[in-house]
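Peer 1: Sequence:
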Amino acid sequence: MAIRDRRIYADAQRSNPYHYRDETGFEIDANTARTGQPAFLAVVTGTEYGYTLPSGVHVVPLGALCQ
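The C-terminal residue of the sequence shown carries number 67 in my numbering, and the numbering is unbroken.
It is worth saying that the hints were derived from the structure and are not from the lab. Careful: at least some of the hints might be erroneous.
Beta-carbon label-pair distances, calculated as ranges [as the list claims (entries may be wrong)]:
1. 4 with 54: 26 to 32 Å
2. 31 with 62: 26 to 32 Å
3. 22 with 45: 16 to 22 Å
4. 51 with 11: 25 to 31 Å
In this text the structure is predicted, and so the values were computed from the model without any measurement. Cβ atoms here follow ideal geometry from the backbone N, Cα and C, with glycine treated the same way.
The whole structure should be built from the sequences, with the hints applied where relevant.
Peer 2: Okay, here's the thing in structure tokens:
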């Protein structure tokens, strides 16, 4: 669902929903065939706040991917 929602936002900006990079260099890839194994595990949610669980899993609000 995160890719679907990201695709909706991306269509408005004519961007690629499988890749995100902001002005600070923070980068997210959703296509492992080109990028290899992920550097960390994140769960994208509809919540308002992001945080990191003690297990190291990052909880990321969907809205943070579209800023």
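Peer 1: Now tell me if each hint is right for this structure.
Peer 2: So, going through the hints one by one against the coordinates:
| no. | hint | verdict |
| --- | --- | --- |
| 1 | 4 with 54: 26 to 32 Å | holds, 30 Å |
| 2 | 31 with 62: 26 to 32 Å | violated, 18 Å |
| 3 | 22 with 45: 16 to 22 Å | holds, 19 Å |
| 4 | 51 with 11: 25 to 31 Å | holds, 29 Å |
The structure does not agree with numbered hint 2 stated previously, though it agrees with all others.
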